[in-house]
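Undergrad: Line by line, the protein sequences give chains A and B. For the first sequence, the positions run 0 to 402 when numbering that gives the first Met the number 0 is used. For the second sequence, the positions run 0 to 399 when numbering that gives the first Met the number 0 is used.
These aren't lab readings, by the way, just hints derived from the structure by calculation. Some hints here could point you the wrong way.
[Stated by the list, open to error] One side of the interface only, derived from the structure: several residues of chain B facing chain A at Cβ under 8 Å:
| id | residue |
| --- | --- |
| 1 | G80 |
| 2 | T122 |
| 3 | R349 |
Cβ atoms here follow ideal geometry from the backbone N, Cα and C, with glycine treated the same way.
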Amino acid sequence: MSNAQATEQSERILKQLVDKGKPILGYVYPHTPLEIIMAHGMMPALLFANPTVMGSYEASLQTFACSFIRNMFSQRVHDQLPYVDGIVFPGNTCDSLQNLADIWHLRFPQDKIFRLTYPAGDQGEAAVQYFAEELRIFSNSLQDAYGSPFSDDAFRLAVDLVQRFRNAVQFLYAARLLQPSSVPYHRIAAFVREFHSAPLETVVDELRPIVNDVERSLAEAGRVDSTKALQHALLERKLEDVSLPSDLPTPRIAIVGGMTEPQAIAELVNAVSKVSSTAIVFDLLSFGFKTIFTPMPALEGDSFETMARSVLGALLEPTQEGLPKRLEFLKDVLTHLAIDGLIVCEQSFCDPDVFEAPSLLAVASEVGVRSVRLPVDPEFSDRARLEGRIQSFLETLAHGGAA
Amino acid sequence: MSEKAYRVLESHNFLQGVMYRYMLEGHAASEEGKLAWVTSGFPVEIPVAMDVGVSYPEQYGAIVGSEKVGPKLCGYAEELGYSQELCSYARASIGSVKYPEESPLEGLPAPQALLACNNICGTVLRWYDAISQMIGAPVFLVDTPPLEGEQLPHHIAYVRHGLDNLVSFLSEQFGTTLKEDKLREVTDLSTETIGVWTQCLEACKNKPSPLNCADRFLAMAPVVAIRGRDYTLEYYQTLLNEVKDRVANGLGAIRDEKVRLLWDNIPPWFRVFRIMGSLAKRGVVFPADTYTHAWTGSFKDEDRMDSIASMYSNVYLNKGLEAKIDKMCGLIKDYDLDGFVMFSVRSCKRYSLGQLVSKELVSERTGVPGVVIEGDMVDSRLQNDAQVETRLDALLEMLL
Ligand code: SF4
Ligand code: SF4
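Chain A on its own, in the form it takes in the complex:
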């Protein structure tokens, strides 16, 4: 499924839900606690950049706003956002999103806007307590706005559903690293996108036969246990003992970047490369690995606190403190997962991505992994150049060029 088809499909699903009277809450930050929203009987729907919508932000946003928020705003101006009853924006993640929520509120005062403010600091328990309180306030404001209280039962069901989905996709991530032919990356990306657009049981149902097929093909090669062990190692972020088969197809490419849409990148790589179905073996994207490998919230204790621990337990984002930790993990990924090419995506005018890119490239070079920097915008307005860049990068990898 192409990126455009995925957009259409998620809109169709949301429309059906709206017709059934289900309230929808849009969100833009990958670490939004879906389970809390679902505990209020609402459907969280990730709002994606829409490549077909351009312009019309100019009266409210300068050109140096990041391309993602420009696209979001343009969708709103053109009335092309999927139908949502409100939007939750994150606070304290990046300057662009921080300001966008304010601008949105002033420009569209009739829209219901919520803000969930995250800690940027790596401050352990204090950050958990702070964020738990923010979640409680967020939950109260959902109740005030929609009259639907937080339900413990609905929360448990939501935790269970999200976890079953993540478990299945985690397994596919691990499988792809050990046997890249077992499932194409763009297929995984499509599932991740579908679930984030509307976390429904049907997505998990659709996933089940795929996981079964992959498990069967791994079983034939005697790799089920090692895949599960790798899934666990990825969840724990302890990769030093990972052992990979020696006959893996090359090149093995990892993609890193912040809020870049995995499916869009997969599509771009597919378009230029014949080896693409096995080439992308891993990502460190916000809407990919970083959310999928979020630890499960404990079911015991205060729901907001366990949720806070879960969200803050995910791999750190470029929007947060902790660059040395991120670089350390990237180094582990490159060396222990036998990566031989790294694509560093950065959305234009995205300060977190753009600031981090030189350090990521330096790590790749330090461990002898070739890399390419890919400045993208959600509209892929420079598509031919991007494809050319990926093409020549793949050629360099094929010919064993210098790192």
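Chain A is already provided as a structure; the job is to place chain B with the ligands on it using the hints.
TA: Just chain B with the ligands now, kept in the frame of chain A:
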């Protein structure tokens, strides 16, 4: 020869001495292994009370801009892969760390720690992370999540926890301790300094205004960089005396005040005097600006650490767009201004995104016209002077 349109402040000599002393202190602290770089909204009273020297890279960025070497130093950062889209204070500082010998004053003295507070923007953390990668000094972040409305107890507890961690970090890093009486002394001095500075700002409500915004942009350096020192307080007292003299004698910052405007945002350091000078000739003065008014507030007599947590969370830039609009409307009313200029700084998304909306709302609420001009504070390559001039002319046509 005709009289100059602009009056130079005599206390500027004192200011130069203060800044020179601050620079020497920074070098001495660095040599002793006791220097930290600090962001402009950092709770600097804590390192100062713990005898840790401080240097402000943003202020250094202003020097780079004024000396017109922004493109060169930012270019060095770009060679290292830091795109032109990023904050030019950050790029200038990265460039100067890479090539100190090519930089004004041979760069800032080398720090042993990098202390960031994100109450002004999220960029500072990423900037300091990048510097840390280059020089190895550790980064410490005081996280002050942006406020919407009132500061709630869990927010203050979180920031307070961060400050306690800061004390532990500094103790460990520099082998020093924090004494309660010293913190009181430093915060009292800070409060007093900010108080005198605020009086200087408020004196500009007078007509003619005794200060123009370029005067304040220069004079603000110590209140940003070295509040909590006795010589800083002394400087502001001297400045206040001169300001009071001007008011008493009916002397304005410019010779012939005709139009009073508000300036919003950081100035283009490489062009600010030229812009202000040519506007002064046309009778335009800026009695108020949002930038220098950002350093206000006082430490209350409660627990000083709680007071620090509250004051630094509540800084102007850590609040939403509504608060900024209120601030601008308040300044326009209180200083009886005829219009406003919003400088849209490509480098600074936190300060600038939202200006197009606030321009409309501020005009609507105050009834005075405004203009948005785009450029940069350090990197002159990002500024189109002709466009800036045309826009300013358009505003002045309405007012003169
Ligand atoms: S993280 Fe980057 S892409 Fe996402 S909203 Fe912020 S600046 Fe834009
Ligand atoms: S982004 Fe803005 S507030 Fe932040 S350091 Fe740069 S100029 Fe200062």
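Undergrad: Decide, hint by hint, whether the structure agrees.
TA: The hints, checked one at a time:
Interface restraint check for B:G80: the shortest CB-CB distance to chain A comes to about 3 Å, inside 8 Å, so the restraint holds. Contact between B:T122 and chain A, as hinted, is supported at the beta carbon level, the nearest pair being about 6 Å apart and thus within 8 Å. With a cut of 8 Å, the hint placing B:R349 at the interface with chain A holds, because the nearest CB-to-CB distance is about 4 Å.
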